[in-house]
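These protein sequences, in sequence, are chains A and B.
As numbered in this note's numbering, the first sequence has no gaps in its residue numbers, which increase by one up to the final residue, 177.
As numbered in this note's numbering, the second sequence has no gaps in its residue numbers, which increase by one up to the final residue, 794.
Just to be clear, a hint being listed does not mean it is correct.
Below, simulated DSS-like cross-link-like pairs (lysine-lysine); rule was C-alpha separation at most 27 Å, straight line [stated by the list, open to error]:
(1) B:Lys566 with B:Lys577
(2) A:Lys2 with A:Lys130
(3) B:Lys71 with B:Lys110
(4) A:Lys89 with B:Lys455
(5) B:Lys110 with A:Lys81
(6) B:Lys249 with B:Lys102
(7) A:Lys81 with B:Lys150
(8) B:Lys102 with A:Lys2
(9) B:Lys282 with B:Lys455
(10) B:Lys282 with B:Lys307
(11) B:Lys576 with B:Lys566
(12) A:Lys2 with A:Lys51
No wet-lab data here; the hints were simulated from the structure.
Residue strings, one per chain:
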Amino acid sequence: MKLSDSRSIDAAPALVWDAILDPQVLRACIPGCESLTGSVEDGYEAVVRQKVGPVSATFTGLVRLSDIIPGQSLTISGEGKGGAAGHAKGSAAVRFDAQGAGTLLTYDVDAAVGGKLAQLGSRIIDGFAKKLADEFFTRFQAAVEAGEADAAAPEEGAAPDETGTSKKGWFRRMIGG
Amino acid sequence: MPKDEIANKGGIGASTKRREDLRFLTGKGRYTDDINIRGQLYAHFIRSEVAHGRIISIDASAAEAMPGVAKVFTSADFAQAGSIPCGWQVTDRHGKAMLEPKHPILAEGKVRHVGDPIAVVVAETLDQARDAAEAVVIEIEELPAVMDMKAAVAGGDLVHEELGSNLCFDWGFVEENKAAVEEAFAKAAHVTTLELVNNRLVANPMEPRVAVGDFEEWTGQHTLYTTSQNPHVIRLLMGAFVLSIPEHKLRVVAPDVGGGFGSKIFHYAEEAFVTKAAHILKRPVKWTSTRSEAFVTDAHGRDHVTKIQLALDAQNNFTALRTDTYANMGAYLSTFAPSVPTWLHGTLMAGNYKTPLIYVNVKAVFTNTVPVDAYRGAGRPEATFQLERLVDQAARELGVSPFDLRRQNFIQPDQFPYQTPVAVVYDTGNYQATLDKLVEMADVAGFEARAAESKSRGKLRGFGLAHYIEACGIAPSNLVGQLGARAGLYESASVRVNATGSITVFTGSHSHGQGHETTFAQVVSDMIGIDASQIEIVHGDTSNTPMGMGTYGSRSLAVGGSAMVKATNKIINKAKKIAAHLMEASEADIELKDGVFTVAGTDKSKTWVDVTLAAYVPHNYPLENLEPGLEETAFYDPSNFTYPAGAYGCEVEVDPETGKVEVVAFSAADDFGNVVNPMIVEGQVHGGLAQGIGQALLEHCVYDENGQLLSGSYMDYAMPRADDFPMFQVDHSCATPCTHNPLGVKGCGEAGAIGSPPAVINAVLDALHRGGFTHVTHIDMPASPSRVWAAMQR
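The following block holds chain A by itself, in its conformation from the complex (with noise of 0.2 Å):
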């Protein structure tokens, strides 16, 4: 299945392309992520848990980032085994434009499910994938915003991607550590 969508984030495409890349972010914002290694060359080996209709299941697989134009795009994307309940692959490819001072991020998300997946929860995995992607690109608004804000008010002046402590601050605060 394929969908489109885009959102206006109350932050530059500096900071956001940055975000985009701190396997942190990543962690904190898919959905039903339970742990997250790698690096951005490499790939990253994630443990997600997902329930789909009447299939759950814990997806072990890799999540890569492709396509990299510093700044402008990249690709994310994944392909994880869920055992008995059959197996989810996706990508969604990201832009990030200057929106004022903000950044316009547009994706296009292409996914796909098979095994018990497929077969029992074809009804509702369009719905099931849009959900994902939202709530993905949601808390990757909130974790933006929030380390955007945290930039600028404790170090004003500072350009916040000239430093990469400001955004620990604001990560560790999303997530509670």
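Based on these hints, arrange chain B on the given structure of chain A.
Chain B alone, transformed into the frame defined by chain A:
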């Protein structure tokens, strides 16, 4: 004989209640899953989740170390096994044999459909097998799925690389007629064209498939218990072609079977697997399909895409017919798959009509889907749907009544036997009579008043007519042999008369809902004149029944029943010899009536039991020229198909706001020839109608473009329910008995599923046209609310 007298006696023509229902309705049936052998292990199949892919690696080491696991099997364990065979070889229009891929028990190198078995975990308990299956690591490189038939034939990815093409065969019938058909179309006053889809279906018998394998080390005896419509066919195919087990060391038992509808004819990988696994492990091995597995492993039905054209002259006579069909074979050739879109389909394209020239082209295509094979009607519903939709469309285009157009072109009652241009010879029939009967039953005269009443409630009422013919009683062995069948299609029966007069009949037919235990006993009861309760029908076990070809294609009574009649006649002939000896009379003077032997013109008599006892206690017996005992076997090979036919009328109401179609009345006037048990015949028609109307309005098997089965459970695959139907009106009084079998019977099992889909769709079209939606020429099945509504919007 008065009807109540027939009923009391329980012979031919009596609506005797089904004796098998006593156990079925009280939960006492003994199905394959009820068979549990001491020490049995459980098999869990690991199946492909992708439609098409290359197997990179299978690592079962962790799983094999898990609790209770006996062994994890992969294709490597079946290196010596043969391919699961296809039982019918079709020759294409250029004289070339069809492409025939290998069909391994477990996938070798590639997976070709979702559900293709890759590995099997066998463990002490089913839970242990399932747990261990999670630990089997299988790496598959997914390949693009071959899904669209026309694209698959045009080129691109191949389901079977070694075959070099996805086109299994390109069949033309009758090839010699092709040029004449073209010429007739060139001269036609009118040509009607329709493009239609016969939707893919899942058979969904109530009982999922089960297989239990057993092996006796000390005798070398293999036993397979399986949910089959034809245990002897499974023994032959699996023993001779797959596992190389000679027949005398292989017993196949198909006990009570909870419905098949064709899907349990075929030899499946799981049967060979449990038989071989039991041999390897020296323990019984059991597999029970889950409903989810059934959706992705039981052979599917239908799935044809067709363009059909009818040529008419200026007087509206049909002058020629031609069709182009793409028939989906799925990923492998199931046992009888190639015969369905060809010989079971092309030979019926004449329908009930005198059309002199017919050409049928069928392209059979491999795709990454579950194999497709016979499903209730098998080829004949596809033929009937095309033809009866087309005739209705022609009537609409010409502005004539669909009743009149059919009547005008019917083969007339005095034209039988009738040689069609598509090879078959109809022995008997009277299509005017069945149509007259339908017009009366369905109160066609009162339709306009009912339509007006519907209109007052905001509903669109429509009437749909279809007239069908089918070929049953498959089949003359020498004929089907020429057509590519790799088996004979006779049937067998052994009649064992016991010493005290009761009778055990061993039949090669198999009952899985048809009621043979009741009806076959009625036939023998009628012939000998003893009570039906004295007769037992035994079927389903290769160790005690004579080699027979099983039950499908509405053949059991016409072919299996005929074998039983032959064997019973042998019994009667011998019994008369014994009676003649006992009464010191000439054999020619002996008469048997109501279970009593008499000597014509005398008052001498001997009862049935006097004679049977003499046969087994031959103290006073002509031993010098007659063997003791009373047991006879007969094989019957039919000389022709049988040709049931009938007129079906469907009345629907369409809600123009939602597109929802409700079947408000359905009438069926069938000609089944002679009928043994009217109640069972009615039940068969009801069941067939439910499946046919289900196909027309509800059932639909849907794959996505990646080959994932989207309609893989009852959440998404709409099975018909009782409240989807009105009470059916059925009649079989317009009987023209079959001329070439001893009972004069034609077969009734599939008719309902054959005649009803076009009747339903014709009714929906009629309703829409009456409602002013005259732009609609066709709606593909299932005519779901969304499809009907969408058609109305254009």
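Verification of the hints:
{"no.": "1", "hint": "B:Lys566 with B:Lys577", "verdict": "holds, 17 Å"}
{"no.": "2", "hint": "A:Lys2 with A:Lys130", "verdict": "holds, 9 Å"}
{"no.": "3", "hint": "B:Lys71 with B:Lys110", "verdict": "holds, 22 Å"}
{"no.": "4", "hint": "A:Lys89 with B:Lys455", "verdict": "violated, 51 Å"}
{"no.": "5", "hint": "B:Lys110 with A:Lys81", "verdict": "holds, 19 Å"}
{"no.": "6", "hint": "B:Lys249 with B:Lys102", "verdict": "holds, 26 Å"}
{"no.": "7", "hint": "A:Lys81 with B:Lys150", "verdict": "violated, 33 Å"}
{"no.": "8", "hint": "B:Lys102 with A:Lys2", "verdict": "violated, 36 Å"}
{"no.": "9", "hint": "B:Lys282 with B:Lys455", "verdict": "violated, 70 Å"}
{"no.": "10", "hint": "B:Lys282 with B:Lys307", "verdict": "violated, 54 Å"}
{"no.": "11", "hint": "B:Lys576 with B:Lys566", "verdict": "holds, 15 Å"}
{"no.": "12", "hint": "A:Lys2 with A:Lys51", "verdict": "holds, 20 Å"}
Of the numbered hints stated above, those contradicted by the structure are hints 4, 7, 8, 9, 10, listed in ascending order.
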